[in-house]
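Engineer: Just so you know, the protein sequences line up as chains L and P, in that order.
At the far end of the first sequence sits residue 106, using this note's numbering, and the numbering has no gaps.
At the far end of the second sequence sits residue 400, using this note's numbering, and the numbering has no gaps.
No lab work stands behind these hints: they were computed from the structure.
Be aware that a few hints might be false.
Said to hold, decoys possible - Dumping the calculated PhoX-like pairs for lysine-lysine here, alpha-carbon to alpha-carbon at most 25 Å:
(1) P:Lys192 x L:Lys19
(2) P:Lys192 x P:Lys41
(3) P:Lys41 x L:Lys89
(4) P:Lys192 x P:Lys45
(5) P:Lys131 x P:Lys323
(6) P:Lys131 x P:Lys41
(7) P:Lys41 x L:Lys19
(8) L:Lys89 x P:Lys45
(9) L:Lys89 x P:Lys323
Said to hold, decoys possible - Sample of chain P residues at the chain L side, in silico, Cβ under 7 Å:
(10) Arg56
(11) Leu292
(12) Glu311
(13) Trp316
Just so you know, these numbers come straight off a predicted model, no measurement behind them.
C-beta atoms are modelled at their ideal positions from N, C-alpha and C, and glycine is treated no differently.
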Amino acid sequence: MPKITYVEFSGTEHAIEVKAGLTVMEGAVKHNVPGIDADCGGACACATCHVYVDAAWTDKVGSPSAMEESMLDFAENVQTNSRLSCQIKVTDALDGLVVRMPESQH
Amino acid sequence: MGAGHAGGTAAALLRQLGWTGPITLVGDEPIAPYQRPPLSKAWLKGEADADSLALRPDSFYAEHDIALRLNVRAVEIDRAAGVVLLEGGERLPYDRLILATGARARRIALPGIELDGVLELRTAADADRLKAALGPGKRLAVVGGGYIGLEAAASALALGAKATVIELQSRVLARVACEPLSLFMQDYHRSKGVRVELGAGVDGLEGEGGRITGVRLSDGRLLACDAALIGVGALANQELAQAAGLECDGGVVVDLTAKTSDPAVYAIGDCTRRPLPLYGQMGRLESVPNALEQAKQAAADLCGTKPPSPETPWFWSDQYDLKLQIAGLPLGAEQILVRGEPATARFAVFHLNADNQVQAVEAINAAPEFMAGRQLIGSRKPVAPDKLRDITVSMKDVAA
Numbered sequence: 001m002p003k004i005t006y007v008e009f010s011g012t013e014h015a016i017e018v019k020a021g022l023t024v025m026e027g028a029v030k031h032n033v034p035g036i037d038a039d040c041g042g043a044c045a046c047a048t049c050h051v052y053v054d055a056a057w058t059d060k061v062g063s064p065s066a067m068e069e070s071m072l073d074f075a076e077n078v079q080t081n082s083r084l085s086c087q088i089k090v091t092d093a094l095d096g097l098v099v100r101m102p103e104s105q106h
Numbered sequence: 001m002g003a004g005h006a007g008g009t010a011a012a013l014l015r016q017l018g019w020t021g022p023i024t025l026v027g028d029e030p031i032a033p034y035q036r037p038p039l040s041k042a043w044l045k046g047e048a049d050a051d052s053l054a055l056r057p058d059s060f061y062a063e064h065d066i067a068l069r070l071n072v073r074a075v076e077i078d079r080a081a082g083v084v085l086l087e088g089g090e091r092l093p094y095d096r097l098i099l100a101t102g103a104r105a106r107r108i109a110l111p112g113i114e115l116d117g118v119l120e121l122r123t124a125a126d127a128d129r130l131k132a133a134l135g136p137g138k139r140l141a142v143v144g145g146g147y148i149g150l151e152a153a154a155s156a157l158a159l160g161a162k163a164t165v166i167e168l169q170s171r172v173l174a175r176v177a178c179e180p181l182s183l184f185m186q187d188y189h190r191s192k193g194v195r196v197e198l199g200a201g202v203d204g205l206e207g208e209g210g211r212i213t214g215v216r217l218s219d220g221r222l223l224a225c226d227a228a229l230i231g232v233g234a235l236a237n238q239e240l241a242q243a244a245g246l247e248c249d250g251g252v253v254v255d256l257t258a259k260t261s262d263p264a265v266y267a268i269g270d271c272t273r274r275p276l277p278l279y280g281q282m283g284r285l286e287s288v289p290n291a292l293e294q295a296k297q298a299a300a301d302l303c304g305t306k307p308p309s310p311e312t313p314w315f316w317s318d319q320y321d322l323k324l325q326i327a328g329l330p331l332g333a334e335q336i337l338v339r340g341e342p343a344t345a346r347f348a349v350f351h352l353n354a355d356n357q358v359q360a361v362e363a364i365n366a367a368p369e370f371m372a373g374r375q376l377i378g379s380r381k382p383v384a385p386d387k388l389r390d391i392t393v394s395m396k397d398v399a400a
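All chains, full assembly: derive it from the sequences and hints.
Structural biologist: Here you go:
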């Protein structure tokens, strides 16, 4: 299974094996990784699963859809590598992915 | 007590925040906590499986030392003894109790309500029954034009079934949305092939051999159907709390730490009546964001960690290719302002108070309006109505 490393704002790391086909958000929520709230459960409706994609992975992860981009436009602490983790599907190609969390999702 | 979205989240958060004592999570359904919103959408359409519906994998609870007790109901809370009495006689002692008992579908006393094929939609089991009744050529009658009914109608169409929505009021979503949004939604459903009957009372449900065959309207017409979904609102499951002498008022009354009138007892989610600080009143919110917010409040209070920052109530719905997002509550609004053209299926309705502060926003396929609106509701910053109405002015500039 692809391994995803979630890094909390505090620096605490969680390396989790996430089944391909799930989203990066689901991998975090299902394993109780703090810092990803995902209020809407993955409907791209809330922007509470915001992560920063580690620089080495931005190309592989791809770019956000128009809908995701307009949600991100109004999220807090957005950077150029910001993504909504509910919109990133885990594949074998993402084995080793590192995502970092913002200070707060709200 | 209650292993839904609220209870399951509270248990997980308690472990995240460092609660070291034993946690028991009791639910009356046969499966571990799961997400209810997909039941009328992706799950009904067959686009989600049990794994994705589950809030967390079954193994999660044992791994985090959470005793998950399924298929069992609580029958009484003895606060003096600090015990919950379970069905079957078991006594479950507690130091702290969280009530997350949810809400149930409101039942109406209609002739024929007991017929097979008369359904409601709250649980995964309900959704399975509804799904089994749908399919190509099947006819679904939906009594009640609220979110559940409209979402189910949209999903029924996706499965090749026919759907009729029967609404007593003169517009759908009458209780929960403003008129421009209602008009848009009912037109959109009609354009997709849903029959929408407005101002239509129901006299009864008719059947043959114990199975529903039609819905009799008050004007005498019979709408033939293979199944009827009754979606006319939900009631808080407050009976346990009430019988235990906790303050209830159309929901278990709680404060902003999710505490009830007994400081050893918390209540979270659909079953509560809670303060709405932005609006200076109490209210009951039926939404996942509310369940999560209150789970955070309770867990933080129990673990003595920093209370979560207050959130603006919000809600979403997916129907067809529409993403509906609502933030705030349309209370105290003096002016309703439409930004964008409903005919384009991309617009937002803003509710402004006398000081031009945003009280609520209802957005269709309009994420910037929703996101900016939600921030403006929280910040209380007044907006210029002319700018807000002008779609050539970006929401960033409106909010700036």
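Engineer: Would you list, in rising numerical order, the hints stated earlier that this structure does not obey?
Structural biologist: The structure breaks only hint 1.
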